[in-house]
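S.K.: Fit chains W, Z, E, S and D to the known structure of chain X by using the hints.
Chains X, W, Z, E, S and D supply the protein sequences, listed in that same order. Per numbering that gives the first Met the number 0, the very first residue in the first sequence carries number 0; after that it's consecutive. Per numbering that gives the first Met the number 0, the very first residue in the second sequence carries number 0; after that it's consecutive. Per numbering that gives the first Met the number 0, the very first residue in the third sequence carries number 0; after that it's consecutive. Per numbering that gives the first Met the number 0, the very first residue in the fourth sequence carries number 0; after that it's consecutive. Per numbering that gives the first Met the number 0, the very first residue in the fifth sequence carries number 0; after that it's consecutive. Per numbering that gives the first Met the number 0, the very first residue in the sixth sequence carries number 0; after that it's consecutive.
Source of the hints: derived by calculation from the structure; they are not laboratory data. Do not take every clue at face value.
Any copy will do: because identical chains look the same in the list, a pair fits if it lies in one copy or spans two.
Said to hold, decoys possible - Below, a list of computed lysine-lysine pairs in the DSSO-like style, where the Cα atoms sit at most 30 Å apart: (1) Lys136 with Lys106; (2) Lys83 with Lys136; (3) Lys42 with Lys2; (4) Lys59 with Lys49; (5) Lys63 with Lys83.
Protein chains: 6
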Amino acid sequence: MEKVAVFPGSFDPITRGHDSVVRRAIPLFDRIILAIGDNPDKKPWFPLEKRISWLESLYKDEPKIQVVVYSGLTVEFCRQVNAKYILRGLRTSADFEFERTIGLMNKALYDEIETVFLLCDPAYAALSSSIVRDILKNGGDVSNFVPEGMNVRI
Amino acid sequence: MEKVAVFPGSFDPITRGHDSVVRRAIPLFDRIILAIGDNPDKKPWFPLEKRISWLESLYKDEPKIQVVVYSGLTVEFCRQVNAKYILRGLRTSADFEFERTIGLMNKALYDEIETVFLLCDPAYAALSSSIVRDILKNGGDVSNFVPEGMNVRI
Amino acid sequence: MEKVAVFPGSFDPITRGHDSVVRRAIPLFDRIILAIGDNPDKKPWFPLEKRISWLESLYKDEPKIQVVVYSGLTVEFCRQVNAKYILRGLRTSADFEFERTIGLMNKALYDEIETVFLLCDPAYAALSSSIVRDILKNGGDVSNFVPEGMNVRI
Amino acid sequence: MEKVAVFPGSFDPITRGHDSVVRRAIPLFDRIILAIGDNPDKKPWFPLEKRISWLESLYKDEPKIQVVVYSGLTVEFCRQVNAKYILRGLRTSADFEFERTIGLMNKALYDEIETVFLLCDPAYAALSSSIVRDILKNGGDVSNFVPEGMNVRI
Amino acid sequence: MEKVAVFPGSFDPITRGHDSVVRRAIPLFDRIILAIGDNPDKKPWFPLEKRISWLESLYKDEPKIQVVVYSGLTVEFCRQVNAKYILRGLRTSADFEFERTIGLMNKALYDEIETVFLLCDPAYAALSSSIVRDILKNGGDVSNFVPEGMNVRI
Amino acid sequence: MEKVAVFPGSFDPITRGHDSVVRRAIPLFDRIILAIGDNPDKKPWFPLEKRISWLESLYKDEPKIQVVVYSGLTVEFCRQVNAKYILRGLRTSADFEFERTIGLMNKALYDEIETVFLLCDPAYAALSSSIVRDILKNGGDVSNFVPEGMNVRI
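Only chain X is shown next, with the shape it has when bound in the complex (with noise of 0.2 Å):
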């Protein structure tokens, strides 16, 4: 059977810390599934356009790798695309506690899913998506930890 993961996430924006999970999760499945999460009661800072151009520009060249748009609950999406798995990456014990919450309620609404976890680069242990758009908002550069080739601005 095909295994197929989710990469659920709003990539508001896509980090270097995303990117290398992602990567070294590719030789793991058959497909990835970058999950785009459009949700209406968060705002996001970058336009869902800016966002999928950016993951569809990036990994252009990796055949495994999608880039799809969803709403709802996300392992009803993973019900409708068949997977079975659930990609994440763990920085800090307060990710995982985070973590473990959200997985252990996917499993108890769908329990064929598996949320599989892998660490994440230590150079990139304190970034996020919400202190990139931290640091843009006070005017500083980004680029450092953004995949390279991004053009991340205000």
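M.R.: Just chains W, Z, E, S and D now, kept in the frame of chain X:
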């Protein structure tokens, strides 16, 4: 002296995790007050009347349990109802860090109060009111996460 | 039914942290058994007789408190003495992680047992029997760390 | 070279916890700048003028302490005032996880900066500006939580 | 390329927690090697032969699972058997902190290795080999903690 | 007054993590004493002479750094050498919980002492002397984990 415990919360909605803590605490106290905080700053998801009626119907056969709405400092409410104990459940170490802060401040404000913690049932370790609301917002089924017989819909 | 709590420990030696938890728990229970674990694998620093006599003299005016030596599983001891509660103090989230493991296993072994946690006084947040022993080994003065009047020397 | 530390915060209001960290750090540095972040996104509870005047009056006899308002990235401010150190207090491991993220990002943005942490006095381990504001909102008395002599009311 | 994972451990004894992680990982890999570390410094409780025979009998119907004894560095063993993945389960944030350290060191020693984490079933969140041994030493019954059909006695 | 810091440890062996903390702390203090604890209870892996000679050769060009062997309580040693600061690095929240306990006890024993923490370089977040020893015992190469030029072999 009567042993009175206050279990403060917004119960928005009450979960199986809350219910398990409350029921296991019944033998320990003479009275447990389920104290619904009516906080003008926090907009609840379910109306106050709904939350009161859920709690009252859930514990209608438990003479030791009372449902009361309060506002202001929890310790002031405890003083008014002559409660010397605050009852809380602990799921994770993130919970603990949060609850310790609240518990120590409550003690600093009212030296006679003692916070009493029970462990949450590990089956509900990932459960919280906010996760239940998230599932509801996304159209999921929460009947396994709220006490049996409760009809929780948007 | 009589509410009996067991406070298990090696009390090697008892600290001000332990003492603060025990004294604050007295109003909550009808009886508290200070249960000195006599574990053949762990070599204590102070002889059993010394530890018994410290506890007995410390609580000689507290009719609710009993000092008992036990071996074997803590939950088996609880069953024998008809205790439905295990009493523990929590200092840090590291404590919590450890105590949760023990508490959940105890419940798995004996479903009627409930572990009841109180917060340690923050003034003693860094205090433990092993730190008291370390200070003693290095010739330091521990009189501020053990209950007043206890004469703890090597 | 002059050793300059920046202690950034919103001081909304300053607590006994902050004050304890600042005073213990005085001997370590030649100058400590209490840097009040003026962040357009975060609406403070107390007006900027009030927060400035509290800090200035509190440290009027400490020639090493300066009160400055800044906006933008903290590390940019440090560069401008020639500060090589950021001073922070640590209460809990949750604090640590948060501060490590900030500290590592600051270092990634400005390699010459070093964050220097002191432990908070355990007596103030549960204290924060947001808890002080919560108590105030609920009509409680905060005089034990803010530095002596400060008149903090709504 | 064949996807080979190593699940290293002392399995002294294997618990239901281990078993749950292994079985959920089977669909993800082409082969999983249960690698029993034979460490001259750590004296195991159960003889190596016993631990091998438990694992072999438990997974005799799982063609993807192999039982191998190794000594030396785990990453060296991975290199020899051509495994690019190390499989681990995560129960608590204390686990995570420990596993991250090991995982990052393994990566520092062998850049091609990736540690893949699954969440432990919360029902076994408090379970470990050392707790099983403790219960055994104290004469308790461990049949609910080890995989069904295993006969674990002292 | 001269600002003297003690960096206590067993340095068995010193790692790149230690070295990074020490070197970043040099500008902050007038003198840093690398204090090798000679603890009769802990059997070190490398002989004391070896550990002294590593430290001395590593910092031979740093006039602010001194290498001293001590036994007994760290705070007593600080008092003798007139040091008001203890220097420590923080890698993880597990580290923090441990260091806070030690730091608060040290302050309880000697009120004039202040523990000053720096963050470890995330590149060395998983590094410790005990991991270096483990790799050595298993025949691995540790040259990337100890300061350049050090010849660490069994």
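S.K.: Given identical chains, is Lys42 near Lys2, meaning Cα to Cα at most 30 Å, within a copy, between copies, both, or neither?
M.R.: neither (32 Å within a copy, 40 Å between copies)
S.K.: Between the shortest in-copy and the shortest cross-copy C-alpha distance, which are at most 30 Å for Lys63 and Lys83: within, between, both, or neither?
M.R.: Both ways: Lys63 and Lys83 sit 16 Å apart in one copy and 19 Å across, limit 30 Å.
S.K.: If the cut is 30 Å between Cα atoms, do Lys136 and Lys106 qualify within a copy, between copies, both or neither?
M.R.: Answer is between: at 18 Å across copies they meet the 30 Å cutoff, but 37 Å inside does not.
S.K.: Between the shortest in-copy and the shortest cross-copy C-alpha distance, which are at most 30 Å for Lys59 and Lys49: within, between, both, or neither?
M.R.: Close inside one copy (15 Å), not across copies (51 Å); limit 30 Å.
S.K.: Up to 30 Å between alpha-carbons, please classify Lys83 paired with Lys136: within, between, both or neither.
M.R.: between (38 Å within a copy, 23 Å between copies)
Hint 3 alone, counting from the list given before, is not met by this structure.
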